[in-house]
Each structure stands twice: as C-alpha cells, then as structure tokens.
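Q: Each chain, written out:
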Amino acid sequence: MRTIGKVTGIISNLVIVEVEGRVSQNEICFIEHSDAKLMAEVIKILGKKAYVQVFESTRGLRVGSPVEFVDHMLEVTLGPGLLSKNYDGLQNDLDKMEGVFLRKGDYTAPLDNDKLFAFTPLAKVGDKVSAGSWLGEVKENWISHKIMLPFKMTGEYTLVSIKEGGEFTVVDTIAVVKDKDGTEYPITMSQKWPVKIPIRTYKDKPRPFKIMETGIRVMDTLNPLAEGGTGFIPGPFGSGKTVLQHNISKNAEADLVIIAACGERANEVVEIFTEFPHLDDPRSGRKLMERTTIIANTSNMPVAAREASVYTAMTLAEYYRSMGLKVLLLADSTSRWAQALREMSNRMEELPGPDGFPMDLPAIISNFYSRAGFVYLNNGQTGSITFIGTVSPAGGNLKEPVTESTKKAARCFYALSQARADSKRYPAIDPIDSYSKYLEYPEIAEYLNKTVAPNWTANVFEAKDILLRGKEAHEQINILGDDGVPLNYHLKYWKAELIDFVILQQDAFDKIDSSSRLNRQHYMLEKVLWVCNTDFQFDSFEEVNPYFKRVINQFKQMNYAEFESDNFVKYENELDNIIQERKIA
Amino acid sequence: MEKNSKAFQRVYTKLFQLTKATVSLYATGIGYEELAIVDGRLAQVVKIMGDMVTLQVFAGTEGIATNAEVIFTGKAPTLKVSDELAGRFFNAYGEPLDGGQVMGQEREIGGPSVNPVRRKQPSELIATGIAGIDLNNSLVTGQKIPFFADPDQPFNQVMAMVALRAKADKIILAGIGLTNDDYLYFKQIFDNAGALDRIVGFINTTENPPVERLLVPDMALTAAEYFAVEKHQKVLVLLTDMTLYADALSIVSNRMDQIPSKDSMPGSLYSDLARLYEKAVQFPDGGSITIIAVTTLSGGDITHAIPDNTGYITEGQLFLRKDTDVGKVIVDPFRSLSRLKQLVIGKKTRQDHPQVMNAAVRLYADAANAKTKLENGFDLTNYDERTLDFAKEYSEKLLAIDVNIDVDTMLETAYSLFRKYFSPAEVGIRQEFIEKYWNQS
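Heads up: the protein sequence lines correspond to chains P and G, in order. For the first sequence, this note's numbering assigns the number 122 to the initial residue and increments by one for each residue that follows. For the second sequence, this note's numbering assigns the number 9 to the initial residue and increments by one for each residue that follows.
Only true hints are included.
Below, a list of computed lysine-lysine pairs in the DSS-like style, where the Cα atoms sit at most 30 Å apart: (1) G:Lys405 - G:Lys175; (2) G:Lys428 - P:Lys545; (3) G:Lys128 - P:Lys236; (4) G:Lys83 - P:Lys158; (5) P:Lys273 - P:Lys326; (6) P:Lys670 - G:Lys428; (7) P:Lys670 - G:Lys379.
Derived from the structure by calculation, the hints contain no laboratory data.
Construct all of the structure, not just a fragment, from the sequences and the given hints.
A: Right under this line is the structure:
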C-alpha cells in the first residue's frame, strides 16, 4: 500500500501535505491537479506534515488535492540510448513531448523501449558477479555500452543464464542471476538509480595522474586540468563563461560529454542542439552530437528541477564511468542551483547563512564535486569523470558564498577577468589569479614531461614567470611613465604581452585557432620562449612597441594557419627574419 | 457569510487580516494564483494555508474594510487576444484605455515555457542603422537585450528609433512605471511614423499603483506570444523600465515578510526576471519574439542586484554613454555586448565584419590607455597620438547614436579610419582581408 495524503497549504512551489502513513525524506510524490499529476520531492517532515517542493508551477492547485507517495527518491533510468538525448532536469525526453510549450505534468520516458540493440555477452554462465559487473555490451552510437549488473543489487551473485547474442530492447531479459540462497533475478539492459546517491562500484579512486586535453592553450599549457579532476570557472556576465564552456565541450579529449544547462539561457542550449549535430568531433571524426547528452533546465523552467538537473547529469556520468569511459561533465551554472536552494530555504523560513544561502551550501557543493574522479573499476579497467562547473558570482564579486564554497572544493580555478573581457582578450582567463593544483602533483609533472617534452613543465613555469614580471613592469611603467623606467622594463612588458597574445588569447570562432593540440601548443610555447630569451637591440623605448606589434602579428598569422602547413612555415620564416633584424648576435 | 451570486463565483465578506498590500480571509476551494476582486480592486492569491487565503491587492488596500466584498473568479489573470489588440493601448489589467472592448480568446498570462527543443537558433539580423549596435553589437531576432542606462540618458528615444527601423510586424510596448510624458512621446513618435497600427501598448504610468506593474510585462508577452505563435509574426517587445518592475517585486516580498537577499531584492529575483526574458524566442515557422528592455542604473553601478541578475539572463547589454570629446551620446563599445552577434556577423554580413569590429575596439582601447597616460602627465608616443585621433573620429562617425548607415558602409568607414591612422600590422587583422579590403574602400 502506498502512502497517500492531501494538500493543506500552498506558497509558490512549496506545498504542505498532510500524510497518512510513513513518508521519507527526499521521497517523490505526485499531486493530482485537474487532469495532470505534478511531481514533487519531500524536503522536510514535521509531524504529519510533509513539506514538498513541486517541480512544476502550482498555479490553480487547490487545498485538499490528493497526493500519492511512491516510496523512492528521485531516480534516473540508465541503459543504452541515453547518448545524444535532450533531457530536462528530471530526465524527461524533451523531444518526445508534444506541442511548442511545456505542459504541466507531462513526463516522458527517458529511453526508447522499442529500440533494438545488438547484444554481445561478456560474462559466462557460472561467473561470480556483483553490482557494476560487465555482463555484456551493445553498440550505442560508436561507443561500446556495457550492460552491467544493476547497481542496486548488493552482494554476490552467480550468472545462471545469459543471451548468446541477438537483438533486444532495454526491457527484455538478457540474463538471469541467482543469489547465495538460490533466488533468481532476471536482468534487463536498463536499471534505475537515485540521483543523490553516488554510484560506488569501483575498486579504487587514485589521485589523478594524466591531463585532460581541452585544446584551449591557456588551460592546457598554463593550468592543465587532470583527467578525473575538477575545475571551476567563475566570471561576471559577459566575460565569456559560456563560450569557453562550449569550446571545451567541442574540443576536449573525452569519450563523451554531458552538459547540464542549469538555470541558463534557452538559446545557449539551442545552439548546442543546432550546431553539434553538424560539427565534427576532431578526435573520432564523428559528429559531436553523437558523444553529447544535454540536461536542460533553462532559466524559465521550474526552479525546483534545477537542483535535480545537476544530480541527474552527475549520475549519468557515473553510469558511463562504470563502463570504463572518459566522461567530461560540464555544469553551467552551479550558482543557479545554489539560488534554487536559497529560494526554497527562504520559503521554509530557515535561518539564513551568508547572503541568504542555506548554511550547508559549502557541504552540498564539496559533496557534489567529490563525485568526480578517476577510478579503477573492479575488473581493472579505468574510467573517469572530469568536472567543470561555472559560477556566476553576484556583482562579479569573487568573495560571495558560492564562489568561496566552490574554491574549497575544486582543484582548478579559472578566473575570468572583466578587464580582460573588456579589452577583448579572450578567453578572459586571468593568467596570474588562475591556478591548477594539478601542476603541483609530481605524477602529473612526470606525465607531462614524458608525453609532451622533457622540459615542458620547466617551460610552463618560465612562461608564468615572464607573465608575472611583465605585469610588474607594466605597473611600474604606469606609475613612472614610459621614459621614467629603464628600457628593460618595456622589454619585460612586451615579452609578457607576446605570451598573452600568442598563447593566452585564442579565437573561439576561428576554425583553426579555436582548438590547439598539445604538440602544437608545445611548438608555439618553445617558439615564444625562444623570442623571449633573445637579446634585442633597441635605441629607445619608442622602438619596442611597434617592433613587438609586428612580432605578435606574425605569430597570430601562424595561429590562424593550419599547423605545419605551407602558410604556417611561410609566416614562421617571416617571423625569423623579423627577429634577425634586432637580434644581438 | 458565504453567498452565491453567479455560478462558479464565490463571494466572501469577512476579512480577518489587512496589510498595506494583502488581505487574508477564510475561504475554501480556492486555486493558487487565482484572481479575485476585493472591494472592486483586482487581487491574486499568493498563499493558502488550510482554509486561510492571502490575497495580494494590486492597487493597494487603502480604505478596504473588514467586511469588504471578495469575489473569487476561479481563474488566473488573463488577457483577451485577437487582431483587435493592434493599434491600441491597455492598462495593466489588459483593459483598453480607449474605453472599448476586445473580442477575443481569453489567455492566462504568464503561461508555460517553450520546450527548448522546439526553438530555432536565432539567425536573422535586425538592422538598426546605428553602427554602435549593428557593427559592434548586432541584434538578432529572438534575442533579449537591455539598455543599461542612467535615468538621464535618452534610452526611450533610442529604443523607439530601433523599434521603428527594425521591420517588426508588431511592436509591443510595455510601459512599466513610465512617466506620462514618455508615454505620450512613444504614442506620438509611433503615430508620426505611421506605425500606430503595428503597436500594442500596455501602460502603467507613475500615476498608477506600483504593484500593478507586476502584471504589465506578462500582459505584453502574452500578446506577443499570440502574434508570434498563431500569426507567425516577428514581434518586438519593448520593456521600459525593468528596474521599476524589480522594485515592485521587492515591495511585495517585503510585505510578505520574506528574507531579502542582496540589495533588498527577493531571493527569487533571477527566476522572476528570467521567466519574462526567456519568452524571447525564434520559432521554426518564422514567428519570433525579440525583447529590448531598459534597466536604469544608479550612477552606472552594474553590480547592483537588478542589472547584475539581468546581465546573467539577457543575451548581452547595451550601454549608452556621453562621449565628452565629441559631445555626443555613444553606444559604449567596451561595456556593451550582444551575445548573439556571432550568429550573424561574418555570416549574414561581410566575412571580415568580426575582425574589423574587434580591431576597431582594440584600437579604441589603446586610445583609452593613451588618454590615461595623458591625464597622468606622461609624454605620448606617436602611436598614442594617432590612436587618440582615431578614437575621436571613430566615436563621431560610428559609435554615435545619430548614425544611420548600412553595415557595408560601416565597414568601409572603419577601413577608411584604419588607413588614415595606422599601418596594416598595427590593425592586426587577417592577411587575406587586408589584401581584399584595405585599399578597396
């Protein structure tokens, strides 16, 4: 018998339900409203009263409406066919919904129950299996999607039978297992999992030791993100957060990309819907959409589903990680999720923490970030979730609670600077304030020096040093005037500008410049450092600016040219000639 | 004290609590957000606790007695939509100001959102003739963008100019706390342009109660959805001034005893504003809603909660600023941004457009640095002086809001300025464009 109740109070999307029978925290319930059923989640229980947040508009809802509880938390459905889908925050398939407008209580199935997948077994009858064990595989787009023993099945089982092959739907039984008491359980290709609980079917979660190439120079070269690592991008509006995230999702070296558009603009999601099916994945040569799944809770969609959207996205990522894949998860923006928590906490009249946010915000954020990571699965294979969240700090102030809480949780910090954005220096990642903790990991340094070049990390630190000195020189020039400082200061400043224009700045809308592979990044960094370490002859500071402008212009033409193409070589030769003009032999 | 006057209408006459903006009474069978009439004034259900119902009275509660008549209408606020809306002006409740009637279908305002997968990516350029917009911050149908301006700047004039040049099928004006003078200005300028039959106005002036303003944007956007969805028309919605809308929100939340967040604004400000702005949409069948809004600033402060939240929602913002060097109001190239311009520039316009735009802004930034140097009493280099001369002419010929030329002419003007003051290397745009256009214009 399911618990039932009835509505006794309504304040916006917070509804108070008088419950008859047992009810649990975070349990899902459905409120009857005209001909629809509105989904809601229990967030507080006081005696017989359950406070529920409704994932829909409550307009027209009446006191006395019947409520039915379903005895489980918010769950997602996992199985082949998730890739390339466009979901809302509750994993409803948006393409299956009818009409132009979203209708209240219109819930659609996340998977296609009639689609056939060619199944190949990986396990044999008699094998000992446990939650997350690979039983077989199907092809989903181009990845081999592992069919696993459902994560909810605790303990050890023995495989009784398994299909030898053939085509099945996600609801067909493909295997049967039995527990130690001999009870048999049929297994299908789909399963359900509550989004707020991490999937932990792995053996070990080591420190990340590889880097995740993003094609973005200022990240890969100066502040690399580790595979299985976490990073966050705070920035005021207009500083290019979204363009940067989209560019990462297009170029990152991941098997699949899950994007949680959390409380952001609908047109940004439309951009992905529209462009990704036509864009090529530079690595697999297939269409980008084939490796991308979108969880869209745009800013005009129900606020309560925002929180659900990031958890739904993380759970899908964990599912694919358990198959031994490299998953990149992007959430834009986690501030909207925090705001949704604040709205609800406010309505429940909880005592507020800083800026009205709930007191447990830092705990919620660090808990979420900790679900990312590189893992060794029980069968020895590896998988990873690399997570990048964006933060939209109120008033561009990085001292606000969401940014501060996130800073404690994430290992990479990509601070977008308004000043850089104003002068159109994109991506506007501040080279001095930003950091990657991974650069300090000896295992990452070793990996980089082995895979890129033996002197790579030394070069990176040298470039950072030049940038810092350039900034100091610039401050001195601003205080003392162009002719009030030694000529050397101008050189220091322009060497930093050279790195800024050639390495840091990157044209996200140019076909070639938008993505730069590590070998190319290595080549360009060497070249730039070679110029920086050259001794030049200048008679006055007035000669420095026009000369370096020419050098930068030449480098930019190289960046716009196909790597190692005739044009690239031509521009490089011209550059060498320019350098010779003033080089002290 | 319950009596029945009409079917579906329930009438109550016993209020047990009155505040400046709300009344509470005991009633049953009431729907959330349902509309009621309290002593002849419109009110909406904002809270239900058991049989205790709290209503927000839009016009305020002055003079309402504890035995005032409360009639529940059984529905959320609505607007009657049909072609009869065109050419007319309405109050915040959707009643024609000309005293007449509108025959049409009744629609709930503040209706559901468009399914994102049913949207189309915006791709149609809106040409305004103003180079500060078309060259640097091109607008696209289906976009939502506000003017961030101090109250003394001519934002309503610029907005009216943009609206008239935008070739929209319908222009819907939502006057939120508009001064009566500005209301008459809009009416007159649309009339003079012979565009009055394309206009629909929903007007709440400063003479009307502030809380009524909360209905105006929803009314305007409901009308816009009617024309865009059912008539497949290109609709331009003008929201002026959204700061006053947010102020009305804070009044209500304050009276409802909610905990304020930053700048005394309600914690739900972001969602409240997003719900409106996200009505901007491009449909696949050609219909579209484009929103141009005004957010007035206090002393140019964009970190205040209203412009800050707006900036995170809208697809860019346009800044007006008086350039004292040329004595004209310009569209500030540094702080203005159109996020959707990438969808049209270099695609619907000449392919060198993005590079020319960026180069000009970069040189303008160099001029700003040179100006700082000058102000600090340092010597200027020859390059600095050239950028200053460039900046002046750029401001006058391209950034000023009185410019009215097409995009190709804007690009040619930019090249002529580049040529006059700089070498190709200093401008730093792609070699192929230099070869093609440097000596052309």
